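Same order as they appear, the protein sequences are chains A and B. Its first residue numbered 1, the first sequence is counted upward by one per residue in the numbering used here. Its first residue numbered 1001, the second sequence is counted upward by one per residue in the numbering used here.
Okay, derived cross-link-like pairs now, EDC-like style, lysine to aspartate or glutamate, Cα gap no bigger than 20 Å in a straight line:
1. B:K1229 <-> A:D379
2. A:K200 <-> A:D2
3. B:K1147 <-> A:E372
4. B:K1047 <-> A:D499
5. A:K213 <-> B:E1015
6. A:K213 <-> B:D1116
7. B:K1147 <-> A:D143
FYI, nobody ran anything at the bench for these hints, they're computed from the structure. Source: prediction; values computed, not measured.
Listed here are the chains, written in short residue letters.
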Amino acid sequence: MDLISKAPTGPIETRWDRHRFSLKLVNPANKRKHTILVVGSGLAGASAAASLAELGYQVQCFCFQDSPRRAHSIAAQGGINAAKNYHNDGDSIYRLFYDTVKGGDFRSRESNVYRLAQISVAIIDQCVAQGVPFAREYSGYLDNRSFGGAQVSRTFYARGQTGQQLLLGAYQALERQVGAGAVAMFPRTEMLDLIVIDGKARGIVARNLITGKIASHLGDAVVLGTGGYGNVYYLSTNAKGSNATAIWRAHKRGALFANPCFTQIHPTCIPVSGHYQSKLTLMSESLRNDGRVWVPLHKGDRRPPSKIPDDERDYYLERRYPSFGNLVPRDVASRNAKAVCDEGRGVGETSLAVYLDFRDAIARLGPHVIHERYGNLFDMYQRITGEDPYSVPMRIYPAIHYTMGGLWVDYNLMSNVPGLYVIGEANFSDHGANRLGASALMQGLADGYFVLPNTIGDYLAANPLEPVDRNNAAVRDAEAGVARFTRRLLEANGTRSVDSFHRELGQIMWDYCGMSRTAGSLERALSKIPELRDEYWRDVRVVGSGEELNQSLEKAGRVADFFELAELISTDALQRNESCGGHFREEYQTPDGEAARDDENYSYVAAWEFRGVGQMSELHKEPLVFDYVHPTYRSYK
Amino acid sequence: MRLLLHIWRQRNAQEKGRTIRYLAADVNPDMSFLEMLDVLNESLIAKGEEPVAFDHDCREGICGTCGFMINGVAHGPLRGTTLCQLHMRHFHDGEELYLEPWRARAFPVVRDLVVDRSAFDRLISAGGFISASTGSAPDGNAILVPKENAEQAMDAAACIGCGACVAMCPNASASLFMGAKISHLGLLPQGQPERLERVLAMVAQSNEERFGGCTNIGECEAVCPKQIKLDVIARMHRDFLRAGWRRRAF
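Could you put together the complete structure from these sequences and hints?
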């Protein structure tokens, strides 16, 4: 299979413009004849659904939550990047592009990333116009901060709730179109299969989560904005409901899955407290702007932090990376936290934590400034741990946070299945092997507001699509398949709960395919996952029926998909014999312990084709070309 | 510690519900309230009984999905805190707790502790937005927003749409929810052109959904996990009156 990225060539500054001009357009009067199904209502899905409806398309939008406003984009705290250079500090579209390609450890497409940096500017304008209450200076101008390893101030924010405010902006735009009759909204509806007819994506099969009714929804194109798959690890910063089912079932229908092993571990999360733990909570990495990360210098030092004098503290990030210090990118910060804990210098009850200390910042700026900057985060920390971070340093530990991998898409954001588009975290396209802070919101909104509405018309204008008959064999087959799958879960009637399996799968993934990986650990994962999957289908217990609200049944289907995806993640990690970004293979590191990339052999996108459950997937490679940012060793020293 | 739970069980919107007693043993003080229910549900599944249905998602206090009454108080005893952020260290051994779903005519019960809050979406759909189609925006700094306005707008915009205000209000009024949106958008220059239309449309929709009116009781403010102030309701009422005069003038 040839992977045609359709990425333009030539001068990078004009690639998107030239490409847009080359795309076919749908006549305004014809747009209402096309129905587009948008699955997911987060930043990507809601912004796409609203923008497509504004253009005149008939849109149907689906989400499993009770309202589109609940999507997990809402939990993003820190901010959104844009190359506005409002601070006159040397920022530019080119610099944001450069930082993103380099931060992604040279595993992303230059054309996509440049376009993302260009569009970043328009996103801020759009969101301000919608009433997003971004932070302002006293003059009334927009405020910015430096964030997550950037040396310029390009991050726009709304307190620690930027994701919430951006999502509410997109949600309100979406609800405006619902009110206008241009979008039909289907909340509490979960996509369970993709309908492919004559090789083209023509609809989805979805389950109404309240009545249990399984029904098909048909249209001319399907857009998946269903987020990432971090919950394969069970404990992550994702919402409990976040899942890979939509993209995984599309994968099983032929869509290639790209770079699944590129998973991001966020360095600043609240550590695990007990076996009942249901999720991990992120503390925005903006905290690293003022907090200093340290562990005791000596192993097994169990004194309370206030009793450890400065010369017996190891501010290891400042020591190892003098120029970036506490602001090194996420992958570097996470690996270093694991390394000091592995040395036995971790803190707290479990010794799986490091300190994030605000003592010096409070002394320098006063508690009121720290309160103004991080008040809500400090409150959240205190609510969860019962400790006051104004007087005791926070304890943090890395946790799975974001997945750079996802369904393979071309420059138009279309997968290899014609008519199937994938946007936001669900696709693989812009972050390479590591995402920079404040870039996820940017990408989700770029895809939904500005890229997809421009590119989808090219497909619709070029492909005459006959209406699909509900009795088409492909439609009936997909519906029957979903019903069979649901029945099988309910009839397994075993002894163990879905959560107990999910927790065990997550532990395997964290231990053997987590923050650092080896060929040996991955092989172990690949032998354990299928065993546990077989046991799952034999011994899972789902109480209740399929004809009602049944939260265990919903989870059971998602976990079944996580089992299959976990195997693919491990397979991908095993074939990538290099370390890059979030993928750290212990065999491949520099003498001082940094990730060692192998550009000669692995400068490609690994796109996997599904070959059956338990069968080896087939690897296709899209070579990556760097015309502008030449791969260098990423140094933050 | 051990807790005695009385939990509202109701199969669906049509059937009648009732309270059933459960014992939650081995409750760890560091658990969140929802994690305590997770553990209870695991034990029910092990016995082949149907787990208690409750809504939840982010478990970080921001998505607004979770929420039910604990001993008659929306989101339980801790102020400014959603259920998912309420930890068991705030309860004591042997305590007896009554868990019930939000109760309001506009929020029908779906199952157990799960209710249908789609009326909130319809309120937003009626007018809780600024009509700015994609692509039409001027530069972000073209229209300045005084910091104080931006801060006040953000205070109101912090609403997570959980519905606690409605559940706690004796009138089942959605005034705090609507007032928050009307204040958020009405405090910003971008929200001015549609300001009066917005309040009329949202109030009309609220009546249609059969939410009650506001009689300044203040229960909503007391239980709001984002501590949104009654001021937003005053602002909504002012806008509503002004919109009424404006309409009469034409």
